[in-house]
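Student: Let the hints inform the model, and build the full structure from the sequences given.
Under our numbering, the letters of the sequence shown match residues 17 to 127, in that order.
These aren't lab readings, by the way, just hints derived from the structure by calculation.
In this text, all values refer to a predicted model and were calculated from it rather than measured experimentally.
Among the clues, some could well be false.
[As the list claims (entries may be wrong)] Lysine to any residue pairs mimicking SDA-like chemistry, simulated, CA-CA at most 20 Å apart: (1) Lys58 with Ile109; (2) Lys58 with Asp111; (3) Lys122 with Asn29; (4) Lys122 with Thr33; (5) Lys122 with Ala93; (6) Lys58 with Tyr94; (7) Lys108 with Val74; (8) Lys108 with Ala78; (9) Lys108 with Asn29; (10) Lys108 with Gly50; (11) Lys122 with Gly88; (12) Lys122 with Thr25; (13) Lys108 with Ser18; (14) Lys122 with Ser56; (15) Lys58 with Val125; (16) Lys58 with Tyr116; (17) Lys58 with Ala19.
[What the hints assert, rightly or not] Computed Cβ-Cβ distance ranges for the label pairs, DEER-style: (18) Ser18 with Ala78: 17 to 25 Å; (19) Ser99 with Gln37: 28 to 36 Å; (20) Lys122 with Asp41: 19 to 27 Å; (21) Ala78 with Val113: 33 to 41 Å; (22) Asp41 with Ser99: 13 to 21 Å; (23) Lys122 with Leu79: 26 to 34 Å; (24) Ser18 with Ala93: 30 to 38 Å; (25) Ala59 with Thr20: 16 to 24 Å; (26) Val113 with Thr49: 17 to 25 Å; (27) Ser18 with Asn96: 30 to 38 Å; (28) Thr98 with Ser18: 33 to 41 Å; (29) Thr44 with Ala89: 35 to 43 Å.
Using N, Cα and C, we set each Cβ at its ideal position, and we do this for glycine too.
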Amino acid sequence: MSATQSDITVFRNEVRTFSGQYVADDDTPLDLTGITLTSSAKAQAGDASTIADATLTVTNAALGLFTYSWDGADFAAYGNVTSECGLAYDLKIDDDVILYGQIILKPGVTA
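Tutor: Spelled out as structure tokens, the structure:
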């Protein structure tokens, strides 16, 4: 199974939630029962140090459905809070990367 690239935008003062489905190459849903989902953000791909972790929730294991959320507040100590910056992230099922890309971290919007 090959990994998919998807860049996402997160504002520092929001929680962004995305949904996904784990499927085989022929688009058949794969069961997530007993599977470990992880997702972390790093300054750049391959870094050992993790800056933040996503919150992952299996919403329907039999159909391979899940959500993952990034909380902008988790990046408070990273970069300049008043300007846009980028980080690398990946999402793994067990040890296999299924999704990767860049988080575009933007300053929070004021009310």
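Student: If a hint holds in the structure, say so; if it does not, say that too.
Tutor: Going down the list of hints, with the structure as the test:
With a C-alpha separation of about 18 Å, the suggested pair Lys58 and Ile109 falls inside the 20 Å cut-off, and the hint holds. With a C-alpha separation of about 17 Å, the suggested pair Lys58 and Asp111 falls inside the 20 Å cut-off, and the hint holds. Between Lys122 and Asn29 the alpha-carbon distance is near 9 Å, which keeps this suggested pair within the 20 Å criterion. Straight-line distance between C-alpha atoms of Lys122 and Thr33 comes to about 16 Å, which keeps the hinted pair within the 20 Å bound.
A C-alpha spacing of about 13 Å is found between Lys122 and Ala93, which places the hinted pair at or below 20 Å, so the restraint holds. At most 20 Å may separate the alpha-carbon atoms for a hinted pair to count; Lys58 and Tyr94 meet this at roughly 10 Å. Proximity of Lys108 to Val74 is assessed by CA-CA distance (about 13 Å); at most 20 Å being required, the pair is judged to hold. Distance restraint check for Lys108 and Ala78: the Cα-Cα separation of roughly 18 Å lies within the 20 Å cut-off, and the hinted pair is therefore satisfied.
Taking the CA atoms of Lys108 and Asn29, the gap is near 26 Å; set against the 20 Å cutoff, the hint is violated. A threshold of 20 Å between alpha carbons decides the hint, and for Lys108 with Gly50 the separation of about 14 Å falls inside it, so the pair holds. Note on Lys122 and Gly88: the hinted pairing holds, with a Cα-Cα distance of about 9 Å set against a maximum of 20 Å. A threshold of 20 Å between alpha carbons decides the hint, and for Lys122 with Thr25 the separation of about 7 Å falls inside it, so the pair holds.
Restraint check: the Cα-Cα separation between Lys108 and Ser18 comes to about 12 Å, which is no more than 20 Å; the hinted pair holds. The hinted pair formed by Lys122 and Ser56 meets the criterion: a straight-line CA distance of about 18 Å does not exceed 20 Å. Between Lys58 and Val125 the CA atoms are separated by roughly 23 Å; this puts the pair beyond 20 Å, and the hint is violated. The hinted pair formed by Lys58 and Tyr116 meets the criterion: a straight-line CA distance of about 11 Å does not exceed 20 Å.
At roughly 18 Å between alpha-carbon atoms, Lys58 and Ala19 fall within 20 Å of each other, so this suggested pair holds. For Ser18 and Ala78, the hinted distance range of 17 to 25 Å is satisfied, since their beta carbons lie about 23 Å from each other. Look at Ser99 against Gln37: about 35 Å separates their beta carbons, and that is inside 28 to 36 Å. A beta carbon spacing of about 35 Å between Lys122 and Asp41 contradicts the range 19 to 27 Å that was offered as a hint.
At about 23 Å, the CB distance of Ala78 to Val113 disagrees with the hint of 33 to 41 Å. Judged by the Cβ atoms, the range 13 to 21 Å given for Asp41 and Ser99 is violated: they are separated by roughly 40 Å. Under the hint 26 to 34 Å, the C-beta atoms of Lys122 and Leu79, about 33 Å apart, fit the expected range. Between Ser18 and Ala93 the CB atoms are about 34 Å apart, so this pair conforms to the stated range of 30 to 38 Å.
Distance hint for Ala59 and Thr20: a CB-CB separation of about 22 Å, consistent with the stated range 16 to 24 Å. At roughly 20 Å, the beta carbons of Val113 and Thr49 sit within the given window of 17 to 25 Å. At about 35 Å, the beta-carbon gap between Ser18 and Asn96 stays in the expected band of 30 to 38 Å. The supplied range of 33 to 41 Å is met by Thr98 and Ser18, whose beta-carbon atoms lie about 38 Å from each other.
For the hinted restraint 35 to 43 Å between Thr44 and Ala89, the CB-CB distance of approximately 38 Å keeps it satisfied.
When each numbered hint is compared with the structure, violations occur for hints 9, 15, 20, 21 and 22.
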